[in-house]
Amino acid sequence: MTQHCHYLSQDREVEIFEHAANNNLPVMIKGPTGCGKTRFVEYMAQKLNRAIYTIACHDDLTATDLVGRHLIGAQGTFWQDGPLTRAVREGGICYLDEVVEARKDTTVVLHPLADHRRILPIERTGEVLNAHPDFMLVISYNPGYQNMLKGLKPSTRQRFVGLTFDYPEPQHEVVIICQESGIDKSLATQLVSLAQALRRLTDHDLEEAASTRLLIYTALMIKSGLEIKQACYACLAQPLTDDSQTQQAIERLIDASF
Amino acid sequence: MEEFVGEIWHKMLTRQVNTDCVQASVELTTLSQQLAPWYRAMGGGAAKVIEGAQPRKFNIQRRWLQRIAGSHKRFSVSWQDERSLRLPTTIALFSQSELNEFVYFWLTALAAYHCQTTIDLQQSLVNQWFIHNQNASSELLNSKPGLRQQYQNVVQALLSQRQTITGNLNPAQLTREKAIQQALISPGSVSNLPLAPGDPLPVLLWLYPAPLHLVAVNSDDRLDDFGKSAAKQGVSRQQSRKTAQRIDDAKKTDGLLIFQLESLFSWAEQVELDRCQDESLDEDVASVADDLDIITLSRQRRAGAAKIKFDLDLPAAEQDDLPLGNGIKLPEWHYKKNQLVNHYCLLQPFLADDAEPAQLPQHLKQIAQTLRKQFSCLKPQRQWLQRQPFGEELDIDAWLDCLTQQTRSQEPQNVFKTRIANSRQMACLLLADLSMSTDSALNAQQKVIDVIRDTLLLFAEALTSSGDQFAIYGFSSVKNKQVRYHLLKNFAEKYTEHARGRICAIKPGFYTRIGAAIRQSTNILKLQQTEQKLLLIISDGKPNDIDQYEGIYGIEDTRQAILEAKQAGLQPFCVTIDEKGNDYLPYLFGEKGYAIIDDVTRLPTLLPKLYLNLTGIHA
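Chains A and B, in that order, are what the protein sequence lines are.
Just so we're aligned, residue 1 is where the first sequence starts under full-length UniProt numbering, counting upward by one.
Just so we're aligned, residue 1 is where the second sequence starts under full-length UniProt numbering, counting upward by one.
Okay, chain B solo, but in the shape it has when bound (with noise of 0.2 Å):
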């Protein structure tokens, strides 16, 4: 009954103080196609994202229903920062919904004007924001006049919203509540915001600094959780990205056992339990976590952190991919003794058979659009051939040649014209690096792993597009005893969402034993009935094992092998993702044998002149 009453009660309240216009209201994921080319035309950052902003605590005057029913505290409001421009996840402001599909227009060309002038929003003062966001808007209002008339719109119905709180406004707050108002009516013709007690209602027509982040401690703590429930929280309902800091809780005192370990009646004594964590259900802390301004993470108590990691190096056998095979013994160059010891490494081919089929991920469509555009050029054509015995049609050209040069033969000769369909014989193997160094950070946002991801399938994009035979592989290696060789998708296989799966479920482990790796490519690749066979190496750095891999001998092999491939017919060639590549890989590959990428935007320019280059499609 108290639930019941209490309910009825929250309900009643939420109602008289909601000032959201529900049925107008504008969600950011229905207009995130607009704006992302309306940002970039109106001068906006190309490679900036545009995501829904949380909301933020903002102190300001409340009417006493406010305060009860404890709304009104937080408003989601836009910034951006040098990553992305961060607009409210539904607007409802007005109860016509072209205004509120307006004011994110409006604020995201507001966004762009910000970039274009060099002010750091993030360390703007808030007076200094008052007038840069007068400044943007009214050179805004200027350069493109055909939004004068819905700003003027939107501006009236803001202004009568904002006059029903000041009621409550003490004088000061009036002052600045009415310097406000008449900047927004008239932008740039308020100098100065008065000063007043708390904050503002906030301003939705204009942009607000970058939050400000506490001091925080850098994580140390290299476990990270991969537990698939986390993972599941990680999607969130709005699609918005949450603050969070990082505290320093790590105890000095932790680790030690400072009795005998006879005392130790039972393991569960030991174990630290937050007994009201463990009951509450995932689904409350999700909605607790939307709660919170600023998540804090712990160095400490991880899920799952109690578990004792037994075995740092190999995944255990259940989680790891099903071997094919006893395994296939290859050759190694030894470099000191200048010849190649048979029977040297053991590779073992895997499959990754739990993998689930899997889309295109959605940051990689507009580039594979565009790959498989210009890929869909270099899918064989049907093609007139001229000068034939027998055709469809008489060749004119034949017909007049044979009819004036009368020294040749009277028999009539070749004078008809046949279409065949010009089959380009033309087979590729990918093959990609999947040794630990590839778990390292790129940038802030990408693994180097994810940019080999990336750029497998968007290879694999391009390649089914341009019609041509492809298959795809990964490596790694715990000494020579187990190179470790992934079947991603091989020749006789379509490339479907199964393969996707596979490629998207890669994961990064062990060591770069690539000779073996690159041996086993060559064998597959010459099996192959093409007159063209291109081995393509996508890697992150140079050849290392534990064992005398490292160095100039893994180096010398790797040399090797691409040597023995060349005699082998096929066109080696190296995409790689290390800077530093060209201190080595001119060595390896030859100076044309290879490209350093370090953006995955890059690929459609760089693919399609690397495919043509080594195709010889232009030559």
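Chain A extracted, bound-state conformation (with noise of 0.2 Å):
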């Protein structure tokens, strides 16, 4: 990792983490689509100096994707890790992002590893590991409308240190936007007010709010060239709903907005 990741912080989010951290815990991280999870977690690797070993759950994973399998070569069969065993074996951050779209069972092979044992049970080799030193289990999920299906088990959660993320404040976002994109701080204004606005009509008009993460690609757009208004109907109108009078509505603010 040799770009450096930026990262503000919006409450005591890094102290926690820290502190998880050095006392072998592992995180989990509640928050929307958009609001700066995955990036949290990098900036703390980068921190704390760990590798980090990123895993997008979906609902095919299973749990030999996440602690390995058999392969075939040119000398006949061998295993190969899986990334949480590396994560294991090596020490380093094992993020599971978006957890719950994982299958049920593979969660549970998480639990020995998330409690006080530390270890990770292989069945197929019979192997038991003890996890490295430096290994830290993080996983996230957004426990909106999406995820609302697919609770994480009690079980599970309980196993974790938890944060809450939200969107940042909205001086802490046009921070943030100017930071990401290079845009000035004037237009980085306007497009959290009117992200603000579009965020009032979570729950009614759409089911998730404009995340910080769109505003970002919005002001990339802009900084690249294209006109504001544009980059906003792409950017904002398009991926936020596909109701062609709440679109309609939204494409009326960002003119109203500019």
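Keep in mind that a hint or two might mislead.
A few chain B positions that, by computed beta-carbon distances, are all more than 12 Å from chain A [what the hints assert, rightly or not]:
(1) L169
(2) K178
(3) G327
Mimicking SDA-like on lysine to any residue, the simulated pairs with C-alpha atoms at most 25 Å apart in a straight line are [as the list claims (entries may be wrong)]:
(4) A:K223 x A:L187
(5) B:K417 x A:I122
(6) B:K373 x A:L61
(7) B:K337 x B:N544
(8) B:K373 x A:H58
Please keep in mind that the hints were generated in silico from the structure rather than gathered at the bench.
Beta carbons: idealized from backbone N, C-alpha and C, even for Gly.
The task is to assemble the complex, starting from two chains supplied on their own in separate frames and drawing on the hints.
This is the structure in structure tokens:
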């Protein structure tokens, strides 16, 4: 990781994460889409000087994908560690992004790693790995609409130190957008004000709010020369809804804002 | 001939004085779907609805032609209260429809800005109204620079219209008009509205205080008129609400016969007839109502009030639903005897065979859409099964395991993958309390029965999307002799417009002998060949009936019925609207066996959680 990772602290999340890391405790990060969860974990990995193994969870993710599998090579079959096993062996942060998307049986393999035992039994090779002192387990998910239908099991949740993220305070969000995209402060302020108007539509007209990530995309498009309103139409109005009436209202809001 | 000339005269005059640009008019109904999110995004209250505003009387200086034509007395201005934002039903101010459309968006945004301030618009005096509108306009223009250009265009067009009236104004009125025009051009620049006789020409770019209501008499008359003709008239052509007041016209001497009945020659003599009114057609009444500023409601002389209501409890047989069969005898728990009394209750299944097919009501469509999206995720999906003896694809992992673990059998084992339709074995029965208590008002707009109806409809929409089997029944009771069990949708039937029509037609009546209804529901659910059986009860209060069922007897019987349901392998769960449900529901359903809702809009968040808890999908 050569590039320096920017992260603007909102609360005491950095301190909490450091304490969790020092005490060998796993961390669970909850928050809406695009509010900076992944960026935070990357930043902490850099700050703690640990490697990061990111796994984007999905419906078909199995325990094998995490732990490892036998493969066929020129010399016959051989065992290949999965990202979780690598992190356990070598140390580092194993980050399971959107963990609730994974199948229930998958998350159960995390249990012995997430409690005081810090072990990973590998059934297929008969090994029981003791976690490296630098190993840390971090999971994240969005408890909002999408994953309400797939909540995390209480037995899994109770093994983690929890952090709740939300979209940054407006003045922080302005700084983040300026920093990430390089646009000027007044334009970033207008974008944030627009985002706040759009966030008022959440749960009524929109399923999910306009994320900081979308604002950064918009700012990047503007910075690279696209007209402001066009960038907003493409990066905010279109991704947020498919409903034509709501989309027209959002476009009108964009027109009114610039 | 007179009529013909009169009509021509009327048309000519109307054309002369009409200032509307009809060809560029914009209707509120065409924009309302955009205005609602726009209002919320601007900071307006999420629960507020946007409705049409009725014209109001203004005492403005009129030209002689306008006076002859009797026009320009009433104008549609915008205003808001806690419940809704009222906008003109049509705007035809300008010859360009874009400008008219902009006025709608401008007024909505202005209303949202007014909401954010602590000003109580209804209480504000005219002078404050002048200042507040300027302040809100100025704030809006500062925070939304994209509106400035269009605002300037609209103001220019508006000023050119207002210039035409200045010739008729006296000096004081002219000074006031100038101040208004200046305030429109540069909001916030005029601190005082000069006094002048009469009202200024309405400023259609500003919000007005809510109309003052006259001191009204509360009606204590519970016999509302449910006539069909009245319901038809209730649908306003303009989709706006009329101001109404109640007056106390009860005559203290009414109802006393001070003559001998023998002297009563005929019934007709004693009926108060208003022949004028009798001869007028419904359409005339509707048009008269349109012209009235305030509709006065009398406590007396309701349509049909002259009829004597013979049956205060049971509906007449021909108006009742269709009873199915001779009834089902069910037991009831007698807590003093500590035993079930067999064949004590007679349950009568009913079917509303005359209910007309119905669409989902408009106000539920958005919530239903959200629910459908959420529940469609629960639809059983095809899944890969691994390590199968036969299948469509080779399971590489299984094959590698076979190769690497030599200690196992040498013969190829389960090394295939196959896809199966993963079905959830689930049946859900919804049982709704339709007792008379559900007729009581929950808040200013809703009765309990409305929330129950909405809940049933939303449940049905959601469960249809999830693909689970479900049935819906309602119940009420008249002692143990008649427990009325309404079939709204059974397990075999598809959820169609007919079922929806029956749900929409539910009416409150009688009492709440819930134990028998639960026992019957249990019997129905037991017949379902599914692994999981849910019994959802939607209620508004404690069990009760006019015999001993009141109080502890009813509670104990209900508890016993629920225990029986649990023993039969069912999962009972109660959704209640009773705020005091915490007192007795834990005893009946257990701590996690119920949920209290007070607002149907909470259902989209409540239902998926509830359903997941019950179906154990997340466990």
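Going through the hints against the structure:
{"no.": "1", "hint": "L169", "verdict": "35 Å, holds"}
{"no.": "2", "hint": "K178", "verdict": "29 Å, holds"}
{"no.": "3", "hint": "G327", "verdict": "42 Å, holds"}
{"no.": "4", "hint": "A:K223 x A:L187", "verdict": "10 Å, holds"}
{"no.": "5", "hint": "B:K417 x A:I122", "verdict": "23 Å, holds"}
{"no.": "6", "hint": "B:K373 x A:L61", "verdict": "24 Å, holds"}
{"no.": "7", "hint": "B:K337 x B:N544", "verdict": "19 Å, holds"}
{"no.": "8", "hint": "B:K373 x A:H58", "verdict": "19 Å, holds"}
Against the hints set out earlier in the document, no violation occurs for any number.
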